[in-house]
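> Between the sequences and the hints, there should be enough to build the whole structure, so can you do that?
So the sequences go chain by chain: A and B.
Be aware that the first sequence starts at 469, since it is given in the working numbering, and climbs by one per residue.
Be aware that the second sequence starts at 469, since it is given in the working numbering, and climbs by one per residue.
Just so you know, these hints were derived from the structure itself, not from any lab.
It is possible that part of the hints are untrue.
Repeated chains share a single entry, so a pair holds when one copy, or any two copies, can fit it.
Dumping the calculated DSS-like pairs for lysine-lysine here, alpha-carbon to alpha-carbon at most 27 angstroms [stated by the list, open to error]:
| no. | residue 1 | residue 2 |
| --- | --- | --- |
| 1 | Lys528 | Lys659 |
| 2 | Lys523 | Lys496 |
| 3 | Lys528 | Lys486 |
| 4 | Lys498 | Lys559 |
| 5 | Lys559 | Lys528 |
| 6 | Lys523 | Lys486 |
| 7 | Lys528 | Lys498 |
| 8 | Lys559 | Lys578 |
| 9 | Lys559 | Lys523 |
| 10 | Lys496 | Lys528 |
| 11 | Lys498 | Lys523 |
| 12 | Lys578 | Lys747 |
Protein chains: 2
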Amino acid sequence: MALIVKKFGGSSVATPDKMRAIVQRVLKGKQEGDKIVIVVSAMGDTTDELVSLAKQITSKAYGREMDMLLSTGEQVSIALMAMAFQEAGQKAISFTGAQAGIKTSDAFNKGRILDLEPNRIMEALDEGNVVVVAGFQGITGHGDITTLGRGGSDTTAVAIAGAINADVCEIYTDVDGVYTSDPRVVPNAQKMKEITYGEMLEMAKLGAGVMQPRAVEMGSRFSVPIHVRSTFSEDEGTMIQEVCSMEIKQYLIRGVASDKNVAKITVLGIPNQPGHAYKIFSMLADSHVDVDMIVQSVRVAKEGVTDITFTIARTELPAAKDILNRLREEMPVEDILVDDKMAKVSIVGAGMAGHPGIAAGMFGVLGDNHINIEIISTSEISITCLIGEESVDTAVKAIHAHFFDEH
Amino acid sequence: MALIVKKFGGSSVATPDKMRAIVQRVLKGKQEGDKIVIVVSAMGDTTDELVSLAKQITSKAYGREMDMLLSTGEQVSIALMAMAFQEAGQKAISFTGAQAGIKTSDAFNKGRILDLEPNRIMEALDEGNVVVVAGFQGITGHGDITTLGRGGSDTTAVAIAGAINADVCEIYTDVDGVYTSDPRVVPNAQKMKEITYGEMLEMAKLGAGVMQPRAVEMGSRFSVPIHVRSTFSEDEGTMIQEVCSMEIKQYLIRGVASDKNVAKITVLGIPNQPGHAYKIFSMLADSHVDVDMIVQSVRVAKEGVTDITFTIARTELPAAKDILNRLREEMPVEDILVDDKMAKVSIVGAGMAGHPGIAAGMFGVLGDNHINIEIISTSEISITCLIGEESVDTAVKAIHAHFFDEH
Numbered sequence: 469m470a471l472i473v474k475k476f477g478g479s480s481v482a483t484p485d486k487m488r489a490i491v492q493r494v495l496k497g498k499q500e501g502d503k504i505v506i507v508v509s510a511m512g513d514t515t516d517e518l519v520s521l522a523k524q525i526t527s528k529a530y531g532r533e534m535d536m537l538l539s540t541g542e543q544v545s546i547a548l549m550a551m552a553f554q555e556a557g558q559k560a561i562s563f564t565g566a567q568a569g570i571k572t573s574d575a576f577n578k579g580r581i582l583d584l585e586p587n588r589i590m591e592a593l594d595e596g597n598v599v600v601v602a603g604f605q606g607i608t609g610h611g612d613i614t615t616l617g618r619g620g621s622d623t624t625a626v627a628i629a630g631a632i633n634a635d636v637c638e639i640y641t642d643v644d645g646v647y648t649s650d651p652r653v654v655p656n657a658q659k660m661k662e663i664t665y666g667e668m669l670e671m672a673k674l675g676a677g678v679m680q681p682r683a684v685e686m687g688s689r690f691s692v693p694i695h696v697r698s699t700f701s702e703d704e705g706t707m708i709q710e711v712c713s714m715e716i717k718q719y720l721i722r723g724v725a726s727d728k729n730v731a732k733i734t735v736l737g738i739p740n741q742p743g744h745a746y747k748i749f750s751m752l753a754d755s756h757v758d759v760d761m762i763v764q765s766v767r768v769a770k771e772g773v774t775d776i777t778f779t780i781a782r783t784e785l786p787a788a789k790d791i792l793n794r795l796r797e798e799m800p801v802e803d804i805l806v807d808d809k810m811a812k813v814s815i816v817g818a819g820m821a822g823h824p825g826i827a828a829g830m831f832g833v834l835g836d837n838h839i840n841i842e843i844i845s846t847s848e849i850s851i852t853c854l855i856g857e858e859s860v861d862t863a864v865k866a867i868h869a870h871f872f873d874e875h
Numbered sequence: 469m470a471l472i473v474k475k476f477g478g479s480s481v482a483t484p485d486k487m488r489a490i491v492q493r494v495l496k497g498k499q500e501g502d503k504i505v506i507v508v509s510a511m512g513d514t515t516d517e518l519v520s521l522a523k524q525i526t527s528k529a530y531g532r533e534m535d536m537l538l539s540t541g542e543q544v545s546i547a548l549m550a551m552a553f554q555e556a557g558q559k560a561i562s563f564t565g566a567q568a569g570i571k572t573s574d575a576f577n578k579g580r581i582l583d584l585e586p587n588r589i590m591e592a593l594d595e596g597n598v599v600v601v602a603g604f605q606g607i608t609g610h611g612d613i614t615t616l617g618r619g620g621s622d623t624t625a626v627a628i629a630g631a632i633n634a635d636v637c638e639i640y641t642d643v644d645g646v647y648t649s650d651p652r653v654v655p656n657a658q659k660m661k662e663i664t665y666g667e668m669l670e671m672a673k674l675g676a677g678v679m680q681p682r683a684v685e686m687g688s689r690f691s692v693p694i695h696v697r698s699t700f701s702e703d704e705g706t707m708i709q710e711v712c713s714m715e716i717k718q719y720l721i722r723g724v725a726s727d728k729n730v731a732k733i734t735v736l737g738i739p740n741q742p743g744h745a746y747k748i749f750s751m752l753a754d755s756h757v758d759v760d761m762i763v764q765s766v767r768v769a770k771e772g773v774t775d776i777t778f779t780i781a782r783t784e785l786p787a788a789k790d791i792l793n794r795l796r797e798e799m800p801v802e803d804i805l806v807d808d809k810m811a812k813v814s815i816v817g818a819g820m821a822g823h824p825g826i827a828a829g830m831f832g833v834l835g836d837n838h839i840n841i842e843i844i845s846t847s848e849i850s851i852t853c854l855i856g857e858e859s860v861d862t863a864v865k866a867i868h869a870h871f872f873d874e875h
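This is the structure:
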């Protein structure tokens, strides 16, 4: 007897036939006494279609009304999924985010789950229902509908699993687990049996697309084991959890990630006085442009000025450029350089902390391949190098070979 | 400065262009200080499409999950309408039925509004918003979404107008008002400037499709003036209100209505003992089959048995037949006859009460046209005759000519 949350994405529920297939799979795997919560996204392209409808009406397709609109996509899915379970003879009930007790901040389009009151879910499970919950949505303290932003359904599933103390949260996806690197780039990348929250979080932040960082964070906070597995096969996928088995721990490096959504901005000749760097980054923050890597360098040749280089997501470059143009008017700077052909390559592994040779190994591989490193940043369990976009696939392959082919 | 509720149906909001047209019309008519609530239905064929999707999943396209599904249609409309107002520079906010405070009974698919707490609507109006509310939906005491059944958006609009004490509730429709008879049948039917709730309720119940009886009832209960008018013209339509002007009161007859959705059932040879008629009608009521006209006749020739004839909506005939078949097994009856080619023709008018000649006039016209009357039923402000469907248009024309062409 187990308490399980299963999340299915939009492509898994795109048609009535696919919904029926999920119902069959869930009921086949259901043991006597199992309690099951299903979290679903909007069917197929529904969200895109709703966005397109909004864009025919307004140039401002965001804010409160956008969440009112988009949340209908998941609501359609849950109603149909509940009907599909009922049609198969299984008692079922659907809940919107609000009905499932998912309270969020009032940041429309990117709400954060603040609280989850699972009373109705638990009651419905106790009454023998499969409970079908709308992913990606919640409700503010004022009763307004919010959505959770990209990957929000994963976050919903993990948050519910945490709130009801589920045995496991299964994330069904179109890949069969988390790999040591992107299999499209590195054909001999290996599927991991296990990975820690910390490692997965780094992998996700550094470009491994299989799960959103916020969902992993939520799993870590509530110690929810997350099983990433394939919608299309019965095979075990990858288990994300706090502590991994000894067998796994011996690996110093768990994965090689890369991210091409990177732009580098250099502001030259900033007066080397307190407050100027703060000014730049506070202006970016006010416009919700996230800054990733930062390097400041004082010039030896010219006293009193400094250069600052930082990276942002390439998709945020238009917003950043607006801000930088305003900056020129407010602050004496020599020049602002933008390079939108950058990428990051990273190695991740909780075991690398006590092994200084790891970083040297990574830099050596890049050097051997004549790849110039522009910026290096490190965390306790990762090392990231900023390199030219054109070299990133070569870099990933070479680094993966260096750390994994030797084992 | 006025407080106005305006309701637009699905065909009026079928496309972004049509939504923009409504926004322009509403803003053009809006005086400084006016407070406006817009109630909308689902866009165009959305509801039909959702029903069709459900039918691909289940043979039981009704109940709680169906309301979860269908309510998304109106939610899409309100979000887009609010965006359209904002795009036109008008502050606006959308509310689902739940957010608008519309509490219903827990009868899914045909919820009745039990209470309406308009706090959020009033606050949003005070903040200068046009408030856009989803028609056709509400929420139960348990937080489950309900829909209000056919014509539900009219009921939503009138209920809100009552709760906020609006000056008027405008129902925009594809006809430009209420006519003395169906203009497709009677080309010289006249548009009424005014009609009382009671008269409109009878007209609606007796087949005048322009408004649902429940919405009219709601208007009467809260004394909300209802203005039925055209989406496509600026002309005044018909005002439904408690007391009409003297000019209007002089008319004895206000309209001629007809309804072809009628079937006649005759149960022959029922034992003439207490409890048998009760049995028949309680079985029908248990299955939600509404009985309209009823005639019981004791036979002179054969003692101890009676015949009962009654009418139901033709659309409920399949359900009724099931019940009647069970009846044959439980009660000794001679035979059950069904005639599904019947119709009703009615005259309505609050002024007819003190004028016995009116009924005689109606029967005379039918007799002159060789139309046989099967059953007659009367209320304080209407007379209805059951006749053969094939004669109904002739009857309506002749009765209309008799009562209106003389004036």
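> Taking the hints in turn, state whether each one holds.
Consistency of the hints with the structure:
For the identical chains of this complex, Lys528 and Lys659 are neighbours neither inside a copy (42 angstroms) nor across copies (43 angstroms), given an alpha-carbon limit of 27 angstroms. Taking CA atoms no more than 27 angstroms apart as the test, Lys523 paired with Lys496 passes between copies only; the shortest distance there is 24 angstroms, against 42 angstroms inside one copy. Taking CA atoms no more than 27 angstroms apart as the test, Lys528 paired with Lys486 passes between copies only; the shortest distance there is 19 angstroms, against 34 angstroms inside one copy. In the homo-oligomer, the alpha carbons of Lys498 and Lys559 lie at most 27 angstroms apart inside one protomer (13 angstroms), although the nearest pairing across protomers, at 50 angstroms, exceeds that limit.
For the homomeric pair Lys559 and Lys528, the shortest alpha-carbon distance between copies (13 angstroms) is at most 27 angstroms, but the shortest distance inside one copy (42 angstroms) is not. Proximity of Lys523 to Lys486 under the C-alpha cut-off of 27 angstroms is restricted to the inter-copy arrangement: shortest distance 15 angstroms between copies versus 29 angstroms within a copy. In this assembly of identical chains, the alpha carbons of Lys528 and Lys498 lie at most 27 angstroms apart only when taken from different copies (24 angstroms versus 45 angstroms within one copy). In the homo-oligomer, the alpha carbons of Lys559 and Lys578 lie at most 27 angstroms apart only across protomers (22 angstroms), although the nearest pairing inside one protomer, at 33 angstroms, exceeds that limit.
Proximity of Lys559 to Lys523 under the C-alpha cut-off of 27 angstroms is restricted to the inter-copy arrangement: shortest distance 18 angstroms between copies versus 39 angstroms within a copy. In this homomeric assembly, Lys496 and Lys528 come within 27 angstroms of each other (Cα to Cα) only across copies, at 23 angstroms, whereas the closest approach inside a single copy is 46 angstroms. Proximity of Lys498 to Lys523 under the C-alpha cut-off of 27 angstroms is restricted to the inter-copy arrangement: shortest distance 26 angstroms between copies versus 43 angstroms within a copy. When the C-alpha separation of Lys578 and Lys747 is checked against a cutoff of 27 angstroms, the pair qualifies only within one copy, where the shortest distance is 26 angstroms, while the shortest distance between copies is 59 angstroms.
Hint compliance for this structure: hint 1 is the single one not met.
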